[in-house]
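Undergrad: Chains as they are written, first to last, in our numbering: chain A, 9 to 103; chain B, 9 to 103; chain C, 9 to 103; chain D, 9 to 103; chain E, 9 to 103; chain F, 9 to 103; chain G, 9 to 103.
The set of hints was computed from the structure by calculation and includes no laboratory data. The structure displayed is predicted, hence computed values, not measured ones. Watch out, some of these pointers could steer you wrong.
As the list claims (entries may be wrong) - With a Cα cut of at most 30 Å, we get these calculated DSSO-like pairs of lysine-lysine:
(1) C:68 - C:94
(2) E:77 - F:72
(3) F:77 - E:68
(4) F:94 - F:77
(5) C:94 - D:68
(6) A:94 - B:77
(7) F:94 - G:68
(8) E:94 - D:68
(9) B:72 - C:77
Claimed, not checked - Far from chain B by the CB rule (all over 10 Å, computed), these chain C residues:
(10) 21
(11) 43
(12) 89
(13) 100
Quick reminder that beta carbons are idealized off the backbone N, C-alpha and C, glycines included.
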Amino acid sequence: MAFTPLHDRVLVRRLEGEEKTAGGLIIPDTAKEKPAEGIVVAVGEGARDDDGDRIPMDVKEGDKVLFGKWSGTEVTVDGTEMLIMKESDIMGIIA
Amino acid sequence: MAFTPLHDRVLVRRLEGEEKTAGGLIIPDTAKEKPAEGIVVAVGEGARDDDGDRIPMDVKEGDKVLFGKWSGTEVTVDGTEMLIMKESDIMGIIA
Amino acid sequence: MAFTPLHDRVLVRRLEGEEKTAGGLIIPDTAKEKPAEGIVVAVGEGARDDDGDRIPMDVKEGDKVLFGKWSGTEVTVDGTEMLIMKESDIMGIIA
Amino acid sequence: MAFTPLHDRVLVRRLEGEEKTAGGLIIPDTAKEKPAEGIVVAVGEGARDDDGDRIPMDVKEGDKVLFGKWSGTEVTVDGTEMLIMKESDIMGIIA
Amino acid sequence: MAFTPLHDRVLVRRLEGEEKTAGGLIIPDTAKEKPAEGIVVAVGEGARDDDGDRIPMDVKEGDKVLFGKWSGTEVTVDGTEMLIMKESDIMGIIA
Amino acid sequence: MAFTPLHDRVLVRRLEGEEKTAGGLIIPDTAKEKPAEGIVVAVGEGARDDDGDRIPMDVKEGDKVLFGKWSGTEVTVDGTEMLIMKESDIMGIIA
Amino acid sequence: MAFTPLHDRVLVRRLEGEEKTAGGLIIPDTAKEKPAEGIVVAVGEGARDDDGDRIPMDVKEGDKVLFGKWSGTEVTVDGTEMLIMKESDIMGIIA
């Protein structure tokens with residue numbers, strides 16, 4: 009399968025369940041709009057700045073990321089639930 | 009027939025039915041606002057940046073694309089339902 | 009008669025009735041906000057970019073164009089109903 | 009009398025009644041928000057672009073212009089009803 | 009007294025009553041939101057453009073100006089009612 | 009105590025009571041949203057323009073300023089009520 | 009644990025309770041939307057300006073900062089409540 013997100017979009021595979029990262033980051037269960045974790049599967053070429061030049065993306069394939077739980081549009085790729093979102097919906101990278 | 013979309017608009021032929029791509033991408037049927045697939049039929053010359061220069065388009069004729077189901081304006085070309093949308097309504101390219 | 013639209017405005021003569029173009033483009037009748045066809049009668053000199061330079065217009069006098077049915081402001085020129093609209097209201101050029 | 013509009017403002021003397029121009033342009037009477045005709049009496053020096061430079065005005069004193077009927081702010085100059093509006097409220101120049 | 013308006017702000021002394029200028033400009037009394045006349049008392053150094061450079065002000069101390077009746081914030085300076093407004097609230101200069 | 013406002017923020021100590029400045033500027037008591045006077049206690053390094061360069065601040069520590077009565081966020085520093093506001097909330101400098 | 013905030017985001021550990029800083033800054037308890045104090049734990053690489061260049065961050069790891077009480081999105085890192093917010097939500101640095 010090959011899906012190339014356009015512009016500054018990112019294809020993310022959501023990690024289900026409350027994961028505890030190696031560093032011990034726990035996503036709280038009670039928060040109203042709690043962030044979700046996922047793995048970046050594909051990354052667009054980047055949006056363009058005011059001069060029409062590409063702005064390089066800050067996430068890359070394989071990055072474990074935190075994003076707003078309701079961010080993105082759902083698609084199913086190879087039987088796995090995926091999300092297409094903008095890079096700006098991603099809050100940070102978990103290492 | 010020749011229809012030249014203006015600026016950053018794209019003419020897209022919607023693919024009806026739930027297609028399974030070679031790579032196995034399935035568009036879920038239950039999602040409230042599920043994305044749709046289509047083939048790019050014609051592409052505008054691109055919007056202009058702050059200096060008035062053209063921003064090249066990221067999609068080209070023949071690309072299989074994913075877009076928001078309610079995106080675009082419907083027209084009928086040669087008996088086929090078409091959509092005129094902005095490139096920013098296209099989420100990515102399916103290969 | 010001479011009417012010179014200002015900035016990025018365009019004077020368009022609406023084509024009444026459902027026309028079938030040489031290429032077979034049919035404007036559907038049932039769509040809620042169906043696009044309309046028209047002929048460009050006069051074109052402004054173009055808006056200005058952030059540096060104050062003119063952005064050249066993408067349509068020219070005589071172009072057959074597709075635009076949102078409710079776009080523009082109506083005026084009557086030489087007994088013909090005309091519309092003054094912004095170029096951004098024009099979706100594309102029919103050839 | 010001397011009134012110098014600031015920035016991209018224009019002082020316009022409204023032409024009352026339904027005028028038929030030499031070229032036969034008639035402003036329809038039934039339109040809900042029909043455009044009005046007027047003569048440009050005074051023109052500002054122009055707004056400034058992102059670099060702070062003046063953007064030259066596209067209308068000049070004496071131009072016969074078409075503008076939105078409800079555009080501008082009314083003042084009375086030498087017993088004549090005048091309107092101060094932005095150049096962007098002017099749709100085009102009638103010749 | 010010395011009050012230095014910041015950025016593109018202007019300190020204006022409102023002229024009460026319906027003045028008839030030398031040129032015969034009369035502010036109509038019946039308009040719902042009629043413009044008011046005033047004298048510019050102090051002028052800021054100007055806002056900054058996108059490059060951070062000052063945009064020079066178009067009004068100067070002593071100018072007789074026309075502005076929206078409800079523009080600005082009222083202060084009392086030396087017993088005289090004053091208004092602090094943005095230069096963009098000023099419609100033009102009366103000479 | 010040291011509090012460094014970020015970006016284009018300013019720390020202001022509000023002057024309570026109706027002060028009459030040396031120049032005789034009186035803040036009217038009856039105005040609905042009357043401006044307030046204060047002394048600038050600390051100033052940020054400035055916001056950044058479109059090129060990422062700092063825009064120098066127009067107020068400095070010790071300036072007596074006029075600002076909208078409801079501007080800013082309240083904090084208490086050394087027992088004195090302070091306000092953190094953006095420089096754009098400051099209308100001008102009283103000398 | 010390693011969490012790298014994206015763009016101009018900052019990871020902040022909230023300081024619970026009403027702290028009195030060395031300099032005596034007290035956050036008032038009665039204010040409706042009182043600011044909160046926290047320690048910066050991680051900082052993004054910065055947003056990009058109009059030319060696509062990074063804008064350096066003004067806060068750094070270890071900074072004691074003041075921010076709007078309701079700013080940011082909550083996550084739990086190593087059992088400590090953390091907040092991911094934009095640098096623009098931070099009002100200033102307490103020293």
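Undergrad: Hint by hint, say whether it matches the structure.
TA: Outcome of the hint check:
no., hint, result
1, C:68 - C:94, "holds (13 Å)"
2, E:77 - F:72, "holds (28 Å)"
3, F:77 - E:68, "holds (28 Å)"
4, F:94 - F:77, "holds (13 Å)"
5, C:94 - D:68, "holds (21 Å)"
6, A:94 - B:77, "holds (18 Å)"
7, F:94 - G:68, "holds (21 Å)"
8, E:94 - D:68, "holds (26 Å)"
9, B:72 - C:77, "holds (29 Å)"
10, 21, "holds (18 Å)"
11, 43, "violated (6 Å)"
12, 89, "holds (22 Å)"
13, 100, "violated (4 Å)"
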